[in-house]
Every structure is written in structure tokens, then in C-alpha cells.
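**Student:** Single-letter residue listing:
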Amino acid sequence: MSVPLLDIAELRKHFEVGAKRGAWRRFRDRLSGKDAPTPKLHAVDDVSLTIGRGETVGLVGESGCGKSTLVRLINRLLDPTDGVIRLGATELSLFRARDFAANENRARIQMVFQDAGDSLNPRYTAFDAIADPLRRLKRVGGDALVARVDALADMTGLPRELLSRFPHQLSGGQKARVGIARAIAVEPELLILDEPTAALDVSVQVVILQLLEDLKARLGMSYLFVSHDLNVVRLLCDRVLVMYLGKIVEAGPAAEVFARPLHPYTRALISAIPQADPARRAGRLRLSGEPRSPIDPDPHVCRFHGRCPIGTTVCAQSAPALRRMTPSRDVACHFADTAVTLNTVQDSSPAKNGSGEP
Amino acid sequence: MSAAPALAVEDLCVEFRTRSGVVKVLDQVGFSIAKGETVALVGESGSGKSVTAFAVMGILDAAGRVTSGTAMFGGSDLLALPERELAELRGRELSMIFQNPRTALNPIRRVGEQIADVLVRHGGATRAKAPALAIEMLKKVRIPDPERRAKAYPFELSGGMCQRVMIAIAIACRPSLLIADEPTTGLDVTTQAVIMDLIAELAREIGTATLFITHDLTLAAEYCDRIIVMHAGHVVESAPSATLFSAARHPYSARLLAATPGESGALASLASIPGSLPDLRRADLPSCRYSERCERRLDACAEPLPRTAVGEAHIVACRNPL
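So the sequences go chain by chain: S and U.
If you read the first sequence in our numbering, its first letter stands for residue 1, the second for the next number, and so on.
If you read the second sequence in our numbering, its first letter stands for residue 359, the second for the next number, and so on.
Honestly, the hints are just simulated from the structure, not real lab data.
Computed from a predicted model, the values in this text were never measured in an experiment.
We put the beta carbon where it would ideally sit given N, CA and C, even for glycine.
Be aware that one or more of the hints could be misleading.
Unchecked claim - Stretch-level coverage of chain S by chain U, calculated; a stretch enters the list once three of its residues show a Cβ under 8 Å from a Cβ in chain U:
hint : region
1    : 200-207
2    : 225-232
3    : 264-274
4    : 287-294
Pulled out of the complex, with its shape left as it was, chain U reads as follows (with noise of 0.2 Å):
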């Protein structure tokens, strides 16, 4: 990576107040993405992926809280901006997919309605102009009969539809940053297919850095250039997606990728990742969160989490890598 990247999250840790105590939910995470690069945050539920998202966005929940890092983004740090000039940024530069599209609309108004509001707010379009620019918004994520489907709400459409309109909202002012959450889990995978095809093509042709989270590995190593691999809030492995799946250093991405059903093996090929995530309250968390399940684990193990380069933008957070 030679250019500035779209994004440079360093040292990230976020806490969230519980009646049970803190939550040490995000430790130390840094990753970055170039321009133009999709890049994958994959792990098991639990792992921090959409929290990461958040904090970056700036719409972590109330009982959340960043107790350091950076996001450095376009030259500020999205951690430390006022939240007036983050909303600026939000829907204009840093834009976000939602999980279930059907709740992330808004139910009681047109889609078309939705879309206009989006591009009156931030993308400076006039109120009268706004409902031709929709329907061109519409059009351009293959909705068939746009002109028809802009007077209709949500739940007229079907999920995959309904996506397709939160992928307009989301690219309506050609953001340099794109978070997709999950976008097409509940959906098909025929709509599955369509979708990403769609996110990647639109991403490509703006030149967005996407970032794209999802437990899927073969989804993420198909659509994206590096995969993220997260383990209960640390980042355990960093590595371009053909390199993760073919020489996977990091013993929980291998595990996860034992466990991932795919084209050929039998069942009893598969195997499951002894274990579960660590309880994140506790005081005592060790230095590494996957030492207690981890079966390569060394008295090193305790010292601090290292970051290796063990190849071309490939780095493993492991004393004894695979």
C-alpha cells in the first residue's frame, strides 16, 4: 500500500458498561484499507466485527464507550470529531449497509421518499430535483420499474428488493467508505449472489473502500481482496484472501476454516473449534483471548499479543503460528 489509505484504524478498544460489570469488547484492533480495496471482517458472533463498525461510524450504543485509538480517515480521526461534523461525514463520505434491510428502513415512508432524503441532506441535490435522482438511484442497482417501486414502502418489497434500496441509500452520494453489515444474511443465495455482485460492481465503478463483515469465509474470499480474521475483540490474523485460505497461520483461522462446509469432505471431515469464547468481564483475560482453546499454546502465550509479518500483507497475531 503506497497511497494514504481510505482508512487507518489504530489501537482501537472499546468497553461497554454492563449490570454485570465492563466489557472489554474491542482490544487494541488496527487494520487498514486502501482506496478501492473490499476488505473482510470475519469471526464468530461475539468477535466484535459489527461493534468495530460502529465505533467506526460513530453510532456505537449509549452503554458503549472508545477508550482509545484512532480511525484516521481523509487526514482526520473519526474518533475524536465532534459529532456535528461526523454527521457531515455520515451518508456523504462514510456510508453503511444494514443487516436487515427491512428494519433499517424507515416503514412508514416510500422508498423513493428515503432515497431523496438522503440526497437532499448530503448530496446538496434540490428538493424538487431529489425524486428523478432517486428513481436514477433506483435504476441503478437494477430495480426493475423504478418509477413504480419508488412510491412503494418497504414492506411492498421483497427482502432482497429491499436491500437493493438500502444499497441506493447507502452509494447515493458516492461515499469513499462503505460498511456492509452482514448485507445479505436472511436473503437467498440466488439474491445473495445478485446482491454482492451488485455491491462489488457499484464499489468498483465510484472507487469505494468497502469494508464488509460477515461470518461467511468463502462469501468474504470470494468478494474481497484481504480477509480479517477476529477473535473475541483482538484481530488474530490479517492476510489477502487467497493467501488465509491456502496458508492460514493463525490456529483459530485455521480452525474456522476446518469447520467452513464447502464444495467436497464428508461431514466427518469437518471439524468443530473446541471451546467458546472467553467471557469478556473477566479481570484476568489473558494477553491472548484464544490461549484457553487453543491446543499449539506456549507459556509465551502470556507475554503481550504480538503482531508478526510472516509474508507480503500478511501479519498473525500468534507466538506460535501455524
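Pulled out of the complex, with its shape left as it was, chain S reads as follows (with noise of 0.2 Å):
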């Protein structure tokens, strides 16, 4: 396999929760015996991935599983705890959040935010909003600047007149265009988008997929797809990487994860896709109760141990690692030999299906 583009190994995140305590006040816990040390959120909790030259892959989990976290450190927005990001054969991790933005490596990476008309400058237009990185990034001005953003306009289909409009005055899927013309104009290799389609009808939502899928195509980048639009995810990405309470649960290739999810929670979540055909509802899985607390959980508990439908005992006593399942796939779960016989007997006998008993 060729060099990927964004590899990320044991990456942590880990928030200070509680009050602060000021050094006084720290020294003379430390006196009295009260040395306690400050309750840690893990965000973030050894994860590592890669991502190919011109793949798309899907993060999917539940909301506080860590995945904007992630996007952020990435992103380079946040610092890391521990751990490594590097994109082709720079280290990113290296370098400074607070002084990224000055970084050239800044044009390497470019986001496409949720919400298109939240993330965009009230006061820009359309067209200044689009320029901005590139005034910035790439020093571009005058004629030429003027001469690219209408390129990028015309690349993401948004009509030249409505360049001098404002944010308020575009319509949703305009504003969609706006937000992604504005993060490819400065030729990202890696485009994170952040459900670029969650406030957008059906419709609209169509449209900007397939204008994605074209620019991915054209500008050959690669793609961090982040949604919990399952149908969506499944249609745009080659790889889908499922996250739990801050660790990656299941990896692989999106058609066979869908078809044939190893984890209890990428089965859940695949069981929670609305399905209109009643013939297909049957066996499906239902979560119960709230998730783990994510500050400072035990580190030899399965994070989702309490809400998982095949749990044990031997749940309770080690949490289980990452492990490679088949060439393609990865999950991290006790009981995934199970699931992939158990698969293997589903799929030689349809009737079978959801039997969920390892």
C-alpha cells in the first residue's frame, strides 16, 4: 500500500473538568493529603486511522463520541494530549494550534462546516467570503483573485450575480455552495465536512452530494465525511470508521460494514436507519439506557459495556482492543469472532436474521 495521506496514531484528547485549582490552592491539597488529580474527559482515546490519497471515509457515531473532537485535532484547531498527525510526510502534530493558522500547511486542510449559514461572516459576501483564503493563504489579489473566485463559483454552481450577496440573502443550499467553494479555493489535499447536509431538504441535499462526488473527482482530494445520516454516509465514503465514547469501535470498507456489521453498536446504529419496507424491521436492535460517562472511565471496561445487548462479565474486566477481523476490517469487540461466524451462518441462512446471541 502507497504512503496514505493523513496517518494518525495514538491520538489522545483528554479535558480538564471540575473547578481549577490555582497552585496555593494545589500545594496545600498536596500538604493535607488531598492530592487528588483533576477528573479528565476523555474525548479523544488512543485512536488512530488512516486516510488514502483521493478516499472518502465516513465517521459516524453519537453525538459526545468524540468525532468533533477529532475533526478538530485534526484540523488543527485543538492540540492533542498525545499522540501523531501527519499528512503526507509533514508532522503536524508538531506544530501549535494557536499558531496554525499562519502555518503553510493551513491550505493543506480545509473544513466544510454543519451549518453553512452560521459559519459564514454575516457581514462578507458571498464573494469576500470566498476570497478570504485565498487573500490570506495564497496572497492572491486584484484581477486574478477576482478571476478565481468566479472559477470556484462556477465550479460549485453558484450563479456569478449572487456573489455580491450576503449570507442572508442566499438561499440554504446556496449557502452550502458558499461554504464549500470557500474550502476548496485554496486546493485542500484533505476536505473535512462536518454534515454539510444536515439542515438541508432532500432535494437540496442531493444536489450538493453529487456536486461533492464531482469536485472529489475533479480536484482529486481526499474526503473526512462526518454525518449521522447513515443512508448518506453509505452513498459517499469507501471506508467508514464507527466511533464510541472516544475510540474507534469497527473500520472497514462502508458496503460490508453496512451489510454485515461486526460491533453490537454498529448493528444498532445500522438498526436505528428509518426503514419504510415493514419486511425489513425485523431483528432489529434497540439501545437501551444512557452511554458511559466519558471522565475518567475505567480503563478495563468496554466503553460500551451497560448498554451493549451481548455484554458479559468478561466485558466488565477488560476492554477490548482494536483488532484486525478480516483483511479489511477492524473492531474492537470481545465477541467479534462470534459475529463473524455468526454472519457467515446469516448469510447461508436468510431466515436467521438478527438472532443476536453469541
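Assembly of the complex is requested from the two constituent chains, each provided in isolation within its own frame, with the hints serving as guidance.
**Tutor:** Shown next, in the form of C-alpha cells:
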């Protein structure tokens, strides 16, 4: 395999929570023997992943699972607690997030934000919004800038006469196009898409998704596509990563993961996709209860324990590591082997579909 | 439908006064919901789904005005009732689950108190007994550790939990009509599934007629008996869910289905809907508001909108249906 575009190894981000103690208070606490470490929220915990050139990788998981933190780490808006982020040959984790805006590598990773309306400066016209990164990162000006912005508007299907408008004068689909044009203006190698169509109607969503697919083919970018609409992930992504409470619990080719999920959480996620056809609703998995606390989680307990339909006492004694199950798929579950065999059984006898006992 | 429907809306027209003119938001909207039935109202944003619900509940914005129509509910017309009587019905007979639970709940009162308020105001419970009943309700919507959670403020609960509290408030007095306005927008798919199951189960248990507003056709198909498709303030098609998915007759419904990502198929096979909603302030709005986007338009489409029954409980408002 060739060198991946993005290579992340053992990435961690822990946030300190609770009241901040000053230096004097910490000293006094230590003297009186009450020196408990500050509780830490493990937002991203030991995540390793790669994204190849020209690949589209989907990142799915429920809110609070650390998707956004991971994206902000990759985008270098946050400093990791620990771990390595490498983009091509450059080790991005060596740069501090606060200086990264001025870094020459800034143009290599760009992002399309979730709500196109909220992420555009209301006092910038569409032209200014698209021109801003070009001015700042590529030092383009004058006629060249106008020509480039026009070209970007054409590329993203934004009528040129709308370039003088402010965000509130644009429709949702048009704002989404401005957000995309702005992100691709500096020709990034990696484009992070954070639920780019969540706020759009289905008819507009289709157009935007097709635009993204088309742009990827033309510009040869890699995509990291964050979404919780699994039907959209299935359409757009080559590979999918499933995240649960700061950890990647399953990774593999999108088509395979959706057809034969190996982790019980992935199964629950897929079961939760609404089904129009009543015949396909049998044997679905519903999660009960709330996720475990992400604050100082016990390293010896599986993060999914307590909500998991197949969990046993083993899961409360040792946390499963992400293991390679088949050449293309990784799963973090003690019972993944059974799931592999169970799936083979299911394939031969579809009547047994959904019997979820290990 | 043999028995009298729980809610029968007929010829509902709503206008909004704005600085740039009168917007004809709803035009002759008509539908009915039988007792115990779950009906979905679907359409793009701006199609008038929420306004329909607000008009029925009598909570339209001050700029909005019902210009004609009736909404028969238990022998009285909701649109003609004086505000005092309507306020008596709301919360007891009619209730609503709002889109964003965090903004719909009172941020500075404990959730248990908010449920107790409804029980005291509409359910005939005494102040002394209400807190215990509120905890009962929290148990019913399956909130773990209800005694402790009753004392929580909305900001201390997750989005899914807040939505459960909203549901508890909505069903506290066993209403005969429940309107759920996009109850799961902004929630995770896993939470969405649990919340939708819960609404369906409780509605079945108390025999409530449910009007479920959504833009997600597949979600509507899974949980509703019937789907009503709205476009620009018109009801364009109404059909049993399975029928709509297998044989949609209105060109707009068919387009909407073709744009919805599903289980199979590639991105290229999805098609968007050409054009956009017409400007509802226009004086020369065509009688069929979809006609300017429609590829099956005939000359006859300029005539008043028909309402053709094309099958069992299947009505389509089109002169040239598929």
C-alpha cells in the first residue's frame, strides 16, 4: 500500500473538568494529602486511522462520542494531549494550534462546516467569504483574485450574480455552495465535511452530495465525511469508521460494514435507520440506557458495557482492543469472532436474520 | 373510516402579513385523522407543515390569520373556539411535542415541576400529589433514575432525555390528539429510534390520534399509517404509507421519493427536484402551485385544483397524475 495522505497514531485528547485549582490550592491539598488528580474527560482516546489519497472516509457515531473533537484535532484547531498526526510527510502534531492559522500547511486541510448559515460571516458577501482564504493563505489579489473566485463559483454551481450577496440573502443550498467554494479555494489535499447536508431538504441534499462527488473526482481531494445520516455515508464513502465514546469501535469498507456489521454498536446504529419496508424491520436492535460517563473511564471496562445487548462479565473486566478481523476490517469487541461466524451462518440461512446471541 | 374522525380539517387557509405583502401560506388544506391513527405530514421546509399544526392548536404567530376553514375536534370547531375554551383543551385533549426540546422546556424550572404543572392545571391533580405523579410519568417515558432526574434542570439532561420529558408533558393528561412537530430532528439516529418507538407505543396505549410532522419520508413510512404530502401550502397527495412508497401518483411525491437516499442505489440514481417553491406573496399564484416545477404540466392545470380519489384512502390533487 502506498503512503497514506493522513496518518494518525494513538491520538488522545483529554479535557480537564471540574473546578480549576490554583497553584496555592494544589500545594495545600498536597500537604493535607488530598491531592486527587483533576478529573479528565477522555474525548478522543487512543485513535489511530489513515486516509488514503483520493479516498472518502466516513466518520459516524452519536453526539458526544468525540467526532467533533477528533475533527478539530485533525484540522489543527486543538492541540492533542498525546499522539501523532501526519499529513503526507509533514508531522502536523508538532505545530501548535494557535500558530497553525499562519502555517504554510494550513491550506492543505480545509473544512466545510455543519451549518453553512452560521459558519459564514454575516458581514461578508459571498465573494469575500470565498476570497478570504485566497487572500490570507495564497496572497492572491487584484484581477487574479476575481478570476479565481468566479472560477470557484462556476465550479460549485453558484451563479456569479449572487457573489455580491450577503448570507441572509442566499438560500440554504446556495450558502452550502459558498461554504464548499471557500473550502476548496486554496486547493486542499484533505477536505473535512462536518454534516454538510444536515440542514438541507432532501432535494437540495442530493445536488450538494453530487457536487461533492464531482469535485472530488475533478480535484483529487480526500474527504473525511462526518455524519450521522448513515444512508448518506453509504452513498458517498469508500470506508467508514464507527466511533463510540472516544474510541473507534469498527472500521472497514462502507459496503461491507453496512451489510455485515461486526460490532454490536454498529449493528444498533444500522438498526436505527428508518425502514419504509415493514418486512425489513424484523430483528432490529434497540439500545437502552445512556452511554457511560466519558470522565476518567475505567480502562478495564469496555466503553459499550451496560448498553451492549451481548455484553458479559468479561466486558467489565477487560476492554477490547481494536483487532483486525478480516484483511480489511477492524473491530473492538470480544465477541467479534462470533459475529464473523454468525454472519456467515446468516448468509447461508437468511431466515435466522437478527438472532443476536453470542 | 367508519367512526367520526378525531380531527377533521377542511378548507384551511392561513395568511401571514409581512412588510413585503400578504403571504398565502396555506390554501384549502384538508385532511382527517381517525381515532388511534398515526398520520404523517411531510414536505420540504416552507411547505406549511408546522403552520398547519400551529393553526389547529391555535398558537399561530400574531402576524398569521386563519382566513377560512374548520377543524372539527370532538364536536367543536377548534378554529372558532374562544381562546379561553381552547386553553382548556390544550394540554388536556390536544397536546404537542415541539421540535427543539431544549428551547421548548422552561430552562429555570426543574423538569419534575414542569410535568407537575400540567397535571395540576389540566389533569385535576393536587399540588401535593403532583410530584409523585410526575415521577410516574418520567418512569413511563423510561428515564432511568426518575426520582433524581425529576429534580434536574433541562440543561442537565441530554437532548434525548429532554425530548422524553417533553413527551411526558405531552401525554401526562392522556390527550386525544397529539401533534409531534419534528420530534427527533437534531437527535442521533439511535436516540431517534428509541424516541419514535416510545411515541408510537404510548400513543397506541392511550389510543391517541397522532399527527407527526417530518421531512423524513422513510421515518414517516416506518411509523405512520398514512402520509400526507404538502407542497407550498397545498395538500398534494394523501395515501397509506406503503401505497405512497410503491405507487405515488403526484409528480411532486414521486420526485421527493426519488431524492431520498435509501438502502440501495448509487448517488447518481438520486434526482433532485427542479426549481424551488413559488413565492407565496405573488398575486398571480397558479392554482396548482407545483405546476411551474412540473414536467407533466398540461393546459388544464390552470383550472382549479382537483381532489381525485385514486384508490383506497388515496387522494391526489393533480390533473395529470402518474
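**Student:** Run every hint past the structure and note whether it holds.
**Tutor:** Hint by hint, here is what the structure shows:
Closer than 8 Å: that is the beta-carbon criterion, and the region 200-207 of chain S has 7 residues meeting it against chain U, so the requirement of 3 holds. Note: the region 225-232 of chain S has 5 residues with beta-carbon separation from chain U under 8 Å; the three-residue rule is met and the coverage holds. Coverage of the region 264-274 of chain S by chain U holds. Counting CB-CB distances below 8 Å, 6 residues qualify, and the rule asks for three or more. Using a Cβ-Cβ cut-off of 8 Å, 4 residues of the region 287-294 of chain S lie near chain U, which meets the minimum of three, so the contact claim holds.
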